[in-house]
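Chain E is already provided as a structure; the job is to place chain W on it using the hints.
Number of protein chains: 2
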Amino acid sequence: MAQKLKIIPLGGLDEIGKNMTALQYGKDMIVVDCGVGFPDEDMYGVDLVIPDFTFLTQNAQYLRGMFITHGHEDHIGSIPYCMQQVSCPIHGTAMTNGLIRLKLEEHRLTNQVKLITHKAGDVVRAGCFSVEFIHVNHSIADAVAFAIHTPIGTVVMTGDFKIDPTAKDGMTDLARLGELGNQGVLALMCDSTNVERQGYTPSESIVAESLDKQFKNCSERIIVTTFASNMHRIQAILATAHRHGRKVAVTGRSMENMLKVAQELGYIKVPSGTIVDLGATKSLPKNKVVIVSTGSQGENMSALYRMAFSTHKQIDIVAGDRIIISASAIPGNEKAVSRIINELYRKGADVVYEKSEGLHVSGHACQEELKIVHALCKPRFFIPVHGEQRHLQIHGRLATTMGVASKNVVIAELGDVIELTAKSCKIGEKVTAGKIFVDGTGVGDVGAVVLRDRKHLAQDGMIVVCVNISAQDGGLVTGPDIITRGFIYVKESEGLMEELRAVALEAMERCSRKRIRDFTSIKAAIKNDLSGYLYKNTKRNPMILTVITEV
Amino acid sequence: MAQKLKIIPLGGLDEIGKNMTALQYGKDMIVVDCGVGFPDEDMYGVDLVIPDFTFLTQNAQYLRGMFITHGHEDHIGSIPYCMQQVSCPIHGTAMTNGLIRLKLEEHRLTNQVKLITHKAGDVVRAGCFSVEFIHVNHSIADAVAFAIHTPIGTVVMTGDFKIDPTAKDGMTDLARLGELGNQGVLALMCDSTNVERQGYTPSESIVAESLDKQFKNCSERIIVTTFASNMHRIQAILATAHRHGRKVAVTGRSMENMLKVAQELGYIKVPSGTIVDLGATKSLPKNKVVIVSTGSQGENMSALYRMAFSTHKQIDIVAGDRIIISASAIPGNEKAVSRIINELYRKGADVVYEKSEGLHVSGHACQEELKIVHALCKPRFFIPVHGEQRHLQIHGRLATTMGVASKNVVIAELGDVIELTAKSCKIGEKVTAGKIFVDGTGVGDVGAVVLRDRKHLAQDGMIVVCVNISAQDGGLVTGPDIITRGFIYVKESEGLMEELRAVALEAMERCSRKRIRDFTSIKAAIKNDLSGYLYKNTKRNPMILTVITEV
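Residue numbers (my numbering), protein chains in the order written: chain E, 5 to 555; chain W, 5 to 555.
Each pair may be met inside one copy or between any two copies, as identical chains are not told apart.
Once the Cα atoms are required to be at most 25 Å apart in a straight line, the calculated BS3-like pairs of lysine-lysine come out as:
#1 K459 to K543
#2 K531 to K459
#3 K459 to K339
#4 K411 to K351
#5 K459 to K439
#6 K375 to K172
#7 K531 to K495
In short, the hints are calculated from the structure, not lab data. Quantities reported herein were computed from a predicted structural model and do not represent experimental measurements.
Excised from the complex, chain E in its bound form:
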């Protein structure tokens, strides 16, 4: 009897980012993508969010390989963390592997991990799976979809994609998707990022035209910021600069790294003599200079941020500079981006940003493009991925209008084991899955309790009450001493501080009268009285910590 194919989403459902999916058939397992997520605004102090790898470590002996669709952080960012826990070869295209290699170097893992490079059209055997690399358009070079041929049928995973008929590197391989559809696709797992948007995502070539227009009518210095990973965009900037007789300098570490990798791998052609050192731009006439910078998301301490706030070591913004923000703000970054734009305006720069048209296009397919992929693949089962709940639901509805039976649309949760046969699908058991927080070098040591405390501390600060009690008779030896941080401006609130001491003292005396001697009860009494007093008088609720020492 045929076994069931198990598809286990470990990231990327009910969230944007942190994409990761495991596929298991019998004693073979492969994983597609291994991305990071970025913390929500209430995940104080968290640097990154990675998937929970428990299921992988528990099934490490079955793991035949990891396949990566493209080199964006939300698809490769967790690889170093994962590879410290399990071991298997990683398969990607040249550009993707170039970026993974940078990441492994940073984590000193280069020698431990085997990276295998393929190109679109290749088919890679991994246990009982054959994984076919299919060219797709996306906002990073060398992105692929996978057709995963399994003993019970083919699963198509689009990865992130759009359909760009005028892409420099050729359109998404619709012909191959169509062939697969004609041969029969068991299940389609498809990018849902832009499913709320009607119509089509415009071509990347639109941006090249807009850049040309911005360069043409400008006699001042031009500074362009964009996503460092968008090599097609950077290629367009270089070509436009060259055409207009301008030299290009690059600032920002990720931009420099990316450019190096892309150049080495031949994904970018630099017109000879076009790139110069940042320092060299100072001796050039303004209308001969383009600076390509990081900071398109308003990141603190990015090159653009430092230029805007006058902390960049080499470049100062001067009145007249034309700054082109060739990106749109990712949800949550809007305020950071607009803070930089405000500073640039304050310095008299001329800022061209997303409100103006054609300076950025999305890398994800809109509704009409998604319909094309559905129409070509004609899958029996449909599993929307890469999206929050609303994206998944809307994509599910779109699939039914494209002919998938509604009972064959699977809106899953992380850790669900989706069990497929050639004819049926159901959600079976559930495995461990979720969010692991990275804070500094710590992985997983910050959890719900720590975050709750950080939130509490952030909201109203804290009060520490220190008391020394006699070991002999339980009488007060010193204190209560009260220290606060993040609560109130103490120098102007000495009256309140006196009151708090009195309230704490009274709580202790009450305990003493009632012959309450155990520290837990005394602490509870002090905390209770103080927080009641504070809420009544200030409507605030700082964290209260009582330290009682027996001396």
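Using the frame of chain E, we list chain W on its own:
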């Protein structure tokens, strides 16, 4: 010799919200608007931001009156705080005063403040100023602009406005603005909120049509959320519901309050029998029910939030419910709104939101409307207001294309004293102005230091080190005891806690060897060693607080 007219922006420049402007001529001063701002995401624990009233309190004897353009929070929200510091009559239209009255009741200030009600067309004398009320369109009823006639000329302050030729209450009074322009406008102070947007803001009547479309093809329960203050919108919802034979119930405190005020003042006509109690909707067929709810900005604990997360006492979202979000997310609220949308989708609701067209229109003028006002007023001087730096700069450039000399465009900062004569303008001295934070019932007791500490606590939590030292010989009596909050999950980090104790102990012993006895130096040594150790081992930087007690 004629005196100078002084215009002193106290809020609303370089920021969105907290609008407030003082005008002074000789011994007379008036104030226009008195709004609140909302805290940025890094103002931890701050509830509201209000203007610094120092300049007003210092010049209280000159204050002849406060004039309010309309009843939005960013124009009236600081009135209770201001009226605890200075005293003067407040002039507004009926709807505006109705909303101010609610606010004064909440702060138990009703008896202390004199509210005087006027209507568009009225002219109010206040010292040497004559303030004329001019009807404008905005997303709240009864909004006005002011023409402030001063001894040296007329200043036009638009307040927030748009030009809506099909507004139910009549278009912005362009005729009067034109007359003023023909008579001569000394200075124009104009709303800059939408200056980045080309073209025109669509009419509110578009929304009524879109609502009708949404009601027409729906046989399920309809839940609409919008800004409680947008009475035109709520009127349209009521009328649409009535036309489609549906009853309307209201949920959410601000929505209930607003509706009460608007009904009492006749700003809303409820078709008889249309409004029912929320409880009564349960016994009605689904296609006879509309619920109007707060929560259009994703506010925690708003009615829509509670419905979405199943904590609303009376209403549960069920599959099929059509939820119409008739609002767009204010910058910064995007994630909160999308969190609610995701929950509604998860419950199987059909959510219609801003991505779909025509369910919301802005209340602010776009570029073409702004140009109309400039063309009508033909001011000698132009002072853009209500905007961040980029809005002010872009509006300044727009003014020059409309004929204002660039030297007559004044991009000011809060606290600048703009000195006008009939022929000249300059920025003179600077007065105290800025942001005062409201946290709970505290006003101004949270400042930069407290916020810096909250941010530090939020980022990495805190560590408290307690030590008791002998008063006789300075030897260690108890400790070091280490307590942490928001730093690390302690139960799984006992090794680290032991290390920290050892590091603190070693720091103390080093001090002892060096015969260092003063507490400040010992604390510094402990803090320094711990933070060095922590950064090296965890790349984190918690707040470290050392308490040394002599026993």
